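Peer 1: With chain A held as given, fit chains B and V onto it using these hints.
Residue numbers (this note's numbering), protein chains in the order written: chain A, 1 to 389; chain B, 390 to 578; chain V, 579 to 948.
Read the hints as simulated data drawn from the structure, not as lab findings. One thing to keep in mind: the hints can contain errors.
List of simulated lysine-lysine pairs, DSSO-like, C-alpha gap at most 27 Å [unchecked claim]:
#1 K572/B x K518/B
#2 K164/A x K311/A
#3 K6/A x K825/V
#4 K549/B x K161/A
#5 K164/A x K501/B
#6 K544/B x K164/A
#7 K501/B x K161/A
Among chain B residues calculated to face chain V with C-beta under 7 Å, some are [as the list claims (entries may be wrong)]:
#8 V436
#9 P440
#10 Q443
#11 A445
#12 W446
#13 A447
#14 G449
#15 F487
Examples of chain B residues lying across from chain A (beta carbon under 10 Å, computed) [to be verified]:
#16 I452
#17 T515
#18 T519
Model, not experiment: these values are computed from the prediction. Every residue, glycine too, gets a C-beta built ideally from N, C-alpha and C.
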Amino acid sequence: MMIPKKRVAVVGAGMTKFMRRAQETGKELAFEAARQALDSAEMRIQDIESVALGSAPDAFDGVHMKGEYLLDGAGAWQKPYSRSFVGGGSGVFSAIHGWWHVASGLFDTCLVVGEEKMSSCLPHPQTAFLTIFDNMIERPLGPNLIWIFALEMQRYMQRHKIPKEQIAQVAVKNKRNALDHPSAQIPQAFTLQDIMNSEVLAWPVQRLDISPVSDGACAVVLASEDVARKITDSPVWIDGVGWNLDTTYWTNRDLYFPRYVANAARMAYRMAGITNPPKQIDFAEPYDPFDYKELHHMEGLLLCRKGEAPKLTAEGVTERDGKLPICPSGGLLGVGNPIAAAGLMKVCELFWQLRGEAGKRQIPGDVRTAVAQAWGDLMQIGTVVVMRS
Amino acid sequence: MGRSHADRNRGRDALIGVIMLNKTMPNEPQGTGLKEGDLESGKVLAVSYQPKAQYAWATGIAIGRFLAGLKAGEITGTRCDQCGRIAVPPRIFCEWCFRRSDTWVKLPDTGKVNTFSVSYITTDTTRVKTPKIPAVIEIDSANNAGFLHLLGEVKPDEVKLGMRVKAVWVDPTERKGSITDIKYFKPIR
Amino acid sequence: MTQLSRTTPEVSYKELIFEAAVKAYADAGIDPRRDVESFVCSSEDFYEGTSIFDEYVPDQVGGALKPVCTISADGMYSVATAYMQILTGAFDVVAVEAHSKASDIVNISPIYDLALDPVYIRPLGLNANFIAGLEMNAYLHSTGATHGHCTSVVEKNRRNALSNPVAMSASGVTPRNGSKMLSYPLSDQDVAPLADGAAVVVLAAEDAARNLRKDPIWVMGTGWASDSPSLETRDLEKATYAELASKQAYRQAGIRNPTHEIQVAEIDDTYSFKELQHAEALGLAGQSRAHRMLEQGVYELGGALPVNPSGGSIGMGHTLEMSGLVRVIEVVEQLRGTAGKHQVDGAQVGVAQTWRGVPTGSGAVVVLGR
Numbered sequence: 001m002m003i004p005k006k007r008v009a010v011v012g013a014g015m016t017k018f019m020r021r022a023q024e025t026g027k028e029l030a031f032e033a034a035r036q037a038l039d040s041a042e043m044r045i046q047d048i049e050s051v052a053l054g055s056a057p058d059a060f061d062g063v064h065m066k067g068e069y070l071l072d073g074a075g076a077w078q079k080p081y082s083r084s085f086v087g088g089g090s091g092v093f094s095a096i097h098g099w100w101h102v103a104s105g106l107f108d109t110c111l112v113v114g115e116e117k118m119s120s121c122l123p124h125p126q127t128a129f130l131t132i133f134d135n136m137i138e139r140p141l142g143p144n145l146i147w148i149f150a151l152e153m154q155r156y157m158q159r160h161k162i163p164k165e166q167i168a169q170v171a172v173k174n175k176r177n178a179l180d181h182p183s184a185q186i187p188q189a190f191t192l193q194d195i196m197n198s199e200v201l202a203w204p205v206q207r208l209d210i211s212p213v214s215d216g217a218c219a220v221v222l223a224s225e226d227v228a229r230k231i232t233d234s235p236v237w238i239d240g241v242g243w244n245l246d247t248t249y250w251t252n253r254d255l256y257f258p259r260y261v262a263n264a265a266r267m268a269y270r271m272a273g274i275t276n277p278p279k280q281i282d283f284a285e286p287y288d289p290f291d292y293k294e295l296h297h298m299e300g301l302l303l304c305r306k307g308e309a310p311k312l313t314a315e316g317v318t319e320r321d322g323k324l325p326i327c328p329s330g331g332l333l334g335v336g337n338p339i340a341a342a343g344l345m346k347v348c349e350l351f352w353q354l355r356g357e358a359g360k361r362q363i364p365g366d367v368r369t370a371v372a373q374a375w376g377d378l379m380q381i382g383t384v385v386v387m388r389s
Numbered sequence: 390m391g392r393s394h395a396d397r398n399r400g401r402d403a404l405i406g407v408i409m410l411n412k413t414m415p416n417e418p419q420g421t422g423l424k425e426g427d428l429e430s431g432k433v434l435a436v437s438y439q440p441k442a443q444y445a446w447a448t449g450i451a452i453g454r455f456l457a458g459l460k461a462g463e464i465t466g467t468r469c470d471q472c473g474r475i476a477v478p479p480r481i482f483c484e485w486c487f488r489r490s491d492t493w494v495k496l497p498d499t500g501k502v503n504t505f506s507v508s509y510i511t512t513d514t515t516r517v518k519t520p521k522i523p524a525v526i527e528i529d530s531a532n533n534a535g536f537l538h539l540l541g542e543v544k545p546d547e548v549k550l551g552m553r554v555k556a557v558w559v560d561p562t563e564r565k566g567s568i569t570d571i572k573y574f575k576p577i578r
Numbered sequence: 579m580t581q582l583s584r585t586t587p588e589v590s591y592k593e594l595i596f597e598a599a600v601k602a603y604a605d606a607g608i609d610p611r612r613d614v615e616s617f618v619c620s621s622e623d624f625y626e627g628t629s630i631f632d633e634y635v636p637d638q639v640g641g642a643l644k645p646v647c648t649i650s651a652d653g654m655y656s657v658a659t660a661y662m663q664i665l666t667g668a669f670d671v672v673a674v675e676a677h678s679k680a681s682d683i684v685n686i687s688p689i690y691d692l693a694l695d696p697v698y699i700r701p702l703g704l705n706a707n708f709i710a711g712l713e714m715n716a717y718l719h720s721t722g723a724t725h726g727h728c729t730s731v732v733e734k735n736r737r738n739a740l741s742n743p744v745a746m747s748a749s750g751v752t753p754r755n756g757s758k759m760l761s762y763p764l765s766d767q768d769v770a771p772l773a774d775g776a777a778v779v780v781l782a783a784e785d786a787a788r789n790l791r792k793d794p795i796w797v798m799g800t801g802w803a804s805d806s807p808s809l810e811t812r813d814l815e816k817a818t819y820a821e822l823a824s825k826q827a828y829r830q831a832g833i834r835n836p837t838h839e840i841q842v843a844e845i846d847d848t849y850s851f852k853e854l855q856h857a858e859a860l861g862l863a864g865q866s867r868a869h870r871m872l873e874q875g876v877y878e879l880g881g882a883l884p885v886n887p888s889g890g891s892i893g894m895g896h897t898l899e900m901s902g903l904v905r906v907i908e909v910v911e912q913l914r915g916t917a918g919k920h921q922v923d924g925a926q927v928g929v930a931q932t933w934r935g936v937p938t939g940s941g942a943v944v945v946l947g948r
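Isolated chain A (complex conformation) (with noise of 0.2 Å):
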């Protein structure tokens, strides 16, 4: 893999609120987010020479090729649109889809929408993800999707001997940080006895190491270098994409160690010429679905030691605060988790937190350069975007 030759930045984001259950449609939902985006790099949708959404599963929304349905919410009516699916990756994921239309050459500008209505299936979203299991020899064990997180989780803590109280350390610090955001499903603090005490429901999960079901989107606007310039004093530059998706077999796999992850982290690492992650990144905001998922990709991106990152976030390295700040927007976990639309999230956050425009969220002291990872499918696939300002 090459570097590639044209830069591309971000000029322009915006979000809805994330909530379990969103009076506004689909499309709405992705008006919002995308109107915002626009307006807060002032353009127009004529301004857009193309769009890129990514939403995940359409049994969420009962709707056969959803793309399709949600294109005009999404500003593409009459332009080049196109969506693109790696499951719970797919929200940094359409960053990146975006970036390859600018880098390309063949526009100068992307609208890249993430949207998610999970509340629209019943009787609970998550009886959608039991299609996602192997129609042949899965489906008929009845699994929940839960199962191949407690089975990932298991066997991460097993091996490396980590106590239940670190990884719901990292519900605690998510939820804490959410409380700053504007968009957060249900801010509310909780306590490690909270999360300790919380049902369980397959067992090493726990009601509250998991991230919220909800209904949201987010959008980000994306420039070529000329235009960019043009557009903002302070474009933020997608310096380093990388993607990487595991054998369909997981169960052949051993589930402590997400090696796809690493694998797009080193991708967009060496295009963005970081040799050093700990040292020369300042900040990630790595996809924590559930808690112990934030540690497990901290370690992917290779930002510690395998097994080390429960420790640096016993000691306080990942607050807002520490040396290397993790989730500083709250992450899914605290803001909710509307799949598409979360990972979208963490790309606004890292444009918003570049710019000094993270509000009550900012991270004291100066930030230059930080990753944004999402992973999904049956814990296969990484997808990380490096940004600089």
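Peer 2: Same frame as chain A, now just chains B and V:
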């Protein structure tokens, strides 16, 4: 209709330019949250629909053979001679060497627990008192390869990673050629 | 590309795709594990019966633990994606995959219906084909084309497919008497029959391409566009999405006068009238003139600008999200001179076009040249 829509848009350009906000901070996020009872009570109108999506998937060569093997009380894998790996579930190609698998391999119905969970929820999140114990079972002599199944005849706090287990099969006359022809894996004591 | 056929009961979708991948990599002379830097797959969950279907794609294309992504669209969109990835300068060789296992779907009608707007259209309880009926009626009315012209398209494409060994089993050339009306004026004869198959295409940057083949076929331009998803605000007479997509592709390819600069066209004919509508949108006929060109034999295999010499979806079989990739491959075969009995002599530049089917107003275009 398509044409007039486009014409109307052009007339609005000037107006949009005037309203444009000069903001660099993120706006107040929009969104109207509903409560759980709002739909049932009719506070908000909704349309409901039950999809009819039915599929009959061809199991193909590899899984077809795997399922036929299960019906006969056997676990089947495949071997790639280039890397020497034995894969289960079987597949007609080795995904690492990208070449056709070379032989079918009859595997023992014993193995060890790679990882497990204790689940108090069903597929649609209904709570159950008696938990299921899903686990990834590494089948003996396959290279750390295995599949998802359930553990049985064991208490949740007795399960350990690395524990040795053996398949408990459904009665031969009742097997269907399904992963559920194995009832569960039980510890080898 | 594998053989297209009505059913493929002896292989799973993974095994079908593996076959196509092996053929493609052999044709390119590469080892995917070593040489392919990115893989772009195409699928829609409800055609597969699996949510987050992109989990299931990497192994059979040689992409395990490599950059693999899925575009929720037709394979031609994935070709455009691969093209963009290569143009960034970050990738040299990218593989594209698409497939159809339509025979695994017990009844596809409810799946099509699931794509309809759940609030405004679905409650009407109509079979999704009604949209094609509406469009066909509007198109015939505004252009003066007749149902007879649509039947001629069906005959042409079925006849062409008899010379195409990859096409699924032939169903006779002349539509039988007494066709069944599905949604006036659309009859069952006007609808391309479903088929199974898989296809993989390998794209490479210029230097890499010249190292691999003496005669690479070049992507000269790509375009794709979406008209309104709402039927009420969409142009039903013209395929505006195809017009916009072709303008983008032609601009990149430097094509000003399509009928003079293009020698072969493989365009979407999911419904018979769509071939005529798309031909006009692509500038292969003047507005409302496609049926005249058809009458004059221009679009026949031996004519001045053969359209769907492969037989199109009507003749080969309609392969859902793979159909655009079939169009691309057929144009490549034409430009290489390897199209055998359905070869268009002296083809230098070809256009491939796809439409995503009802209820969408979305499609893509690729221009290819020697």
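Peer 1: Hold the hint about G449/B up to the distance rule: shortest CB distance to chain V must be less than 7 Å.
Peer 2: Status holds, d = 3 Å.
Peer 1: Please work out if K544/B and K164/A have their alpha carbons no farther apart than 27 Å.
Peer 2: holds, 21 Å
Peer 1: Per the CB criterion, is P440/B less than 7 Å away from chain V?
Peer 2: Cβ of P440/B sits 5 Å from chain V, so the hint holds.
Peer 1: Holds or violated: K501/B and K161/A, Cα atoms, limit 27 Å.
Peer 2: holds, 20 Å
Peer 1: Using Cβ atoms only, decide whether F487/B comes closer than 7 Å to chain V, and label the hint accordingly.
Peer 2: It holds, given that the least Cβ distance between F487/B and chain V is near 4 Å, below 7 Å.
Peer 1: Given the proposed pairing of K6/A with K825/V, does the C-alpha separation stay at or below 27 Å?
Peer 2: holds, 24 Å
Peer 1: For the hint on V436/B, does the least C-beta distance to chain V fall short of 7 Å?
Peer 2: It holds, given that the least Cβ distance between V436/B and chain V is near 5 Å, below 7 Å.
Peer 1: Does the CB of T515/B sit less than 10 Å away from some CB of chain A?
Peer 2: Interface hint status for T515/B: holds (9 Å vs cutoff 10 Å).
Peer 1: Mind checking the CB of T519/B against every CB in chain A and telling me if the closest is under 10 Å?
Peer 2: violated, 13 Å
Peer 1: Less than 10 Å between beta-carbons is the criterion; does I452/B satisfy it with respect to chain A?
Peer 2: holds, 5 Å
Peer 1: The hint names Q443/B as touching chain V; please verify it with the least Cβ-Cβ distance against 7 Å.
Peer 2: holds, 4 Å
Peer 1: Under 7 Å, Cβ to Cβ, is where A447/B needs to be relative to chain V, so tell me if that hint holds or is violated.
Peer 2: holds, 5 Å
Taken one by one, the earlier hints fail for this structure only at number 18.
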